[in-house]
Amino acid sequence: MPCIFGTLSPLRFIVLFRDPSPAEWDATTEMDEQNRPIHMFQVCNVMEPNQNNWLRSNWIQRQAAQKVFVELRFTLRDCNSIPWVSGTCKETFNLFYLETEQPHPANTRFLPADYAKVDTIAADESFTQTDLGDRILRLNTEVREVGPVTRRGFYLAFQDVGACIALVSVKVFYKRCPSTLRNLAAFPDTVPRVDSSSLVEVRGACVENAEERDTPKLYCGADGDWLVPLGHCVCSPGHEETGAVCQACKPGFYKAFAGNTKCSKCPPHSSSHDQAGTICHCDKGFYRAAKDPSSIACTHSPSAPRNLICLINETALFLTWSPPSDSGGRKDLTYNVLCHRCAGTSNGEEVCEPCETDLRFIPRPLGINQTSVAILDYAKNANYTFFVEAVNGVSDLGQVLRPLANITVATDQAGPSLVGVVRKDWASDNSIALSWLEVEPQPNAILDYDIKYYEKEQEQLSYSSTRTKNPNVIVTGLKPATVYVFHLRSRTAAGFTTYSNKFEFSTGDENSGMAADQGQVLVVVTAAVGGFSLLIIVTLFFLITGRCQGYIKAKIKSEDKRRGPFQNVVSIPGIKTYVDPDTYEDSTQAVHEFTKEIDPSRICIERVIGAGEFGEVCGGRLRTGGQRDTPVAIKTLKGGYVERQRKDFLREASIMGQFDNPNVIRLEGVVTKSRPVMIVVEYMENGSLDSFLRKHDGQFTVLQLVGMLRAIASGMTYLSDMGYVHRDLAARNILVNEALVCKVSDFGLSRVLEDDPDAAYTTTGGKIPIRWTAPEAIAYRKFSSASDAWSYGIVMWEVMSYGERPYWEMSNQDVILSIEEGYRLPAPMGCPVALHQLMLHCWQKERGQRPYFNDVVSFLDKLTRNPGSLLTLVEHMHSFPESPVDMPDYPLFISIGDWLDSIKMSQYKNNFLAAGFTTLDSVSAMTLEDIRRIGVSLIGHQRRIVSSIQTLRLQLLSGQHNGFHV
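Numbering-wise (my numbering), the sequence shown opens with residue -14 and increments by one.
No lab work stands behind these hints: they were computed from the structure. Owing to the predicted nature of the structure, the values given are computational and were not obtained by experimental measurement. Heads up, the beta-carbon is just placed ideally off N, CA and C, and yes, glycines get one too. There may be inaccurate statements among the hints.
[As the list claims (entries may be wrong)] The following label-pair restraints were derived from C-beta to C-beta distances: (1) D846 to P760: 27 to 33 Å; (2) A275 to H926: 46 to 52 Å; (3) V336 to K487: 24 to 30 Å; (4) N245 to L296: 56 to 62 Å.
[To be verified] Mimicking DSS-like on lysine-lysine, the simulated pairs with C-alpha atoms at most 30 Å apart in a straight line are: (5) K235 to K250; (6) K247 to K235; (7) K847 to K889; (8) K160 to K623; (9) K102 to K160.
Produce the complete structure using the sequences and hints provided.
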């Protein structure tokens, strides 16, 4: 956009002198076709030779201009149309300028030699004598560039050398980019640079009630046009974008977070009475739970459960009820069962007190999800009153007295126990042998016995049971050195009796044995003797081989030291390992060794696509010599850098140059021998993964998202196998190309693993991306492939939530405290259970329990081959762990084969499948007899499988595994 200094009239042109003829520039006024005056200067002394007539402007202040443009409008007569003209007639005139800091005094002598010539001006069209009679003005318009100008002002001067010319107007201006509003940011007037090929970067300021999301920038071009908008501002909470401003939300509307979304109407049972509301407050009697987002309706406590009934089946008491008629508007409904036992006193009044602690509730008395509960171990001939209350997430915020359903039960149906004292005959590390005596006399013949047992520490969680027809039993599949509680009851023709009293027995430790295992011990001893003999032979062989074997032993020890719990990094010939550029005394040596120098003439920069830490990021092409040009991204190092900045800039290239993997960004080369210094990498059309997902929210299938996650895990497997720690793995540092292939990039924060992986990498400085970083890396700055695995779990969450910000608007300090207290990100909407399980494994507090990247790739491949495993979503599960603390320590598996591989029993895979056990659900119901029937004959193998089935059963019962089909 031009900024005008003025035109001919206000510039006050001054006739300087005439030499040698009496002719000069004359100021005249003519009338145009609309009878409007036209002021001009003219001269027409074409008959006399050696004309030198000068016309000069007044002093013009430069203002902000660096380059000035002069627009001339003039008429010029054709010399051939003038009769009797000699060879002195000209058809051109000259433009000059002079820069000064101050205007010249009025009496200053004019010196043409001080002026610099701009150009000789010629006419495109000239007029003739005929045109004069018809009053046809053939105006010419010419624009000339003056500058660069650096002093406070300048003069313009025109020299006539013998032409017949009229100067109609002179407009002096410079170009600028006008102030503007873009993306809720204001940009001031900006003058372009003198160099027309260089853009001026201008940072914008957010408009009122807006805040930066990404730094807003525009680039001012040489023609006064704004180019390449980058970044943007978003309206603050309580404000919405209207036109180019952020307007406050009206009463009855709210906006909780900064963004470009519109204000939302208050949810039901809430309201906002003022403008710029960030939250709608609940109406009286309605509430929100602490974890409820502000976008949901306010709710209230539920009413009492309905239709409470009691059934006594054999020796168990069952309470069932119907959900309340009013759930309070919430779905997080649970039930609490309270109990009182009532008895009469001497004065005839009934006294009630809380039930004895021996009463046992299955699954538990509080926080029940289903509408039934089983009650065991109650007293005979007693009266119990049970109260059932329904609670939801806001029950603690509502009324103190909650509505209850109650029922009174008399327990006089159960028969007496027929089991006497129970004793432990022997115990191994995973088995206990019990026997007992029957009571005398027996009212009914005993058909069999039911033995219920559970870990003493897990009494309120779950139990197991077994049956036997004899007054003895061997209970297997137990944990070593663990105390178990046993209850026994008899079954007669009349039904089950009551359970016996509790008996507590413990298993032995892992070193204990039993008589039944003597045969196995003999085998072990025999194998040990044979192994000892073999060891003697090998030792003699080592003594003979001497120094050679000593070298091998030292080599193995050195390689074993490099193996850690998170990856294997062994220097084996033919396998490439990462070398830290910081280990070089001269950083340029690392650049020369790991990168390729590119001739800058092969690089064609086409546009600015972003801004990096050290300079601009541009898009362009790399000429490959006769073949098709390769699209590339070019990172440039901005001018004025110091040597330290140059070293840091090229360090990333030294790192990238060592990698060659389809899921890691590829380095094309560097430019270091000329300016600007550049890093050239492959061009990724879709940019960063987080922005790409936000732009295409909800547009991909789960399988496509799993494919993206698989590519990232594959790239990280390659990096960790090279002994490399990324330290900043996040969706913003994953790039996506045109074919939706994801590649790991941004190695600015990356470091190499030390030889001892247990020590990880420790640093005393540098910024840490809190929301993506493992707890040990935040607290102690210890980074490893295991901390990268934690970050990968966050990337999984970002992908499944389509680029949502991890932990939303929580502060960094809140994130750190929440993770320390066991909080983990919940599953995004539409996330399969299997993927959220993998996230929780990545977020294990103990880094040694997190998965390796190659295991993650294998697991995702199995999910892809079994699409049915992705159909079960977290929101469809009745219960699912919200934290790794709630998850048992089991490996990731989705099939029978995976499960058997995890317990090193893969040789029985065909046995299970041939017998029809094709799902984890069916395996969890197997008994010891089933295991023997399918062909598992070794006692040790039977015990291992039984023990694993017990663990698997607990996982399936608690909703922590899917039981996917093979």
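Worksheet entry | Hints the structure fails to honour | none
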